[in-house]
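Between the sequences and the hints, there should be enough to build the whole structure, so can you do that?
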Amino acid sequence: MNKKVDDKLTPLRVISNFNDGKLTLENANELLILIFKNSKIYNERLETIEYLGSIITKNNRNFKFLENILISDTDPFIRKEVASVIAENFPDQAAHSFRWELKNEKSPIVIKSILDIIINDKKNPLHKLQAEANRWLSEFGNLLNITPKEAYFILDIESIFSLYDKSNTLNNDTFKFYKELEKLNTKTKWFSIKNRHIQSLKFNIYKWTFLRNSLALMKSFNKYRDLDLLLSLLRQMDLDVKKFNRIPLSIGNLKHLEFLDLSENNLKVLPPSIQHLNPLKQLDLSYNNITIFPHTLLSLDNLEILDLRFNNLSEVPTEIDQLINLQKLYLKGNSIRNISNNLRKFLESLKIDIEI
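Using the working numbering, the first residue of the sequence shown is number 45, and each one after it goes up by one.
Read the hints as simulated data drawn from the structure, not as lab findings. C-beta: ideal position from N, C-alpha, C; glycine also. Treat the hints with care, since some could be wrong.
As the list claims (entries may be wrong) - Cβ-Cβ distance ranges computed for the label pairs, FRET-style:
no.: 1; residue 1: K102; residue 2: T54; range: 35 to 45 Å
no.: 2; residue 1: D136; residue 2: Q371; range: 50 to 60 Å
no.: 3; residue 1: E176; residue 2: T118; range: 21 to 31 Å
no.: 4; residue 1: K395; residue 2: K223; range: 50 to 60 Å
no.: 5; residue 1: D64; residue 2: N164; range: 32 to 42 Å
no.: 6; residue 1: N310; residue 2: R105; range: 43 to 53 Å
no.: 7; residue 1: N289; residue 2: P169; range: 33 to 43 Å
no.: 8; residue 1: N112; residue 2: I336; range: 46 to 56 Å
no.: 9; residue 1: S116; residue 2: K395; range: 53 to 63 Å
Below is the structure:
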């Protein structure tokens, strides 16, 4: 077979020719590997690995090819995809590679992928690395002074930052950022820990990105009376985080959280795991794109203050009276209509910012 890759040869064309019977399985594998080795285009390289994973011949040569990419490729998203292909096709051979990754990998998005494979897929032989995975989370948590489960949420957050900055790695600056975040002397705590549990969290993708990029200046931010306002003004800068609109499911791991501010995050829905944050007393969801009242909130028995200002709500469910400790409800900036008499009676018992 000609080793030179045709200029017009693409991963899709290889797969199409294979499916049409024009290429043998072995030849299709070899061509995809050649395309990957010769390509410098990210999308083509990623697509090649995805297609290769669907037809790969399970031999030692192909495993070594993938293992080398997992360990040495410079792109974390390529390494993440390769980790999935290895776990799916070479689970019995992958333990050594995954152990190496747990000790040496610095990209949060790759580490998270490997931990998810080990922890969540109990039928996969790689589940035997559970102890190593737990140890990694424990050590990561110790550096942050929080529990392993809550450390997984921080890993999720770091993975989100990696979506916008491939160069993001877990290093000394990572831990310094959270320590400085905890020290911010503001009216509302952005990040506070008590007895190894996150107690308050004010997460905004735009503002956290700016703070992370200004780590050396974070101490000086304490002199500003309204850091929130300052950072809102700085949102005019060119931050490539416009597509962010989700909070990771692992937020449900923060079972000691009392204050949560997720305002200005373009959120349309909330993760169902929010319902597990039973100690929560204050929840700020203002300035998002929520169109339907999140019924997961109805499980928050201790909630006292709920801020839903400036979303796209048209109604409040009558079931909101299940929030027996609710004292303040902020709904300004929505188009609330059709308030039933029963609901009106409950709302009149609260401090509310709209006429009913």
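Now the hints, each set against the structure:
1. K102 x T54: 35 to 45 Å: violated, 24 Å
2. D136 x Q371: 50 to 60 Å: holds, 57 Å
3. E176 x T118: 21 to 31 Å: Roughly 25 Å apart at Cβ, these two residues keep to the hinted range, so it holds.
4. K395 x K223: 50 to 60 Å: violated, 36 Å
5. D64 x N164: 32 to 42 Å: For N164 against D64, whose Cβ atoms are near 36 Å apart, the range 32 to 42 Å holds.
6. N310 x R105: 43 to 53 Å: At 46 Å between Cβs, range holds.
7. N289 x P169: 33 to 43 Å: holds, 36 Å
8. N112 x I336: 46 to 56 Å: Check passed, 48 Å falls within 46 to 56 Å.
9. S116 x K395: 53 to 63 Å: holds, 59 Å
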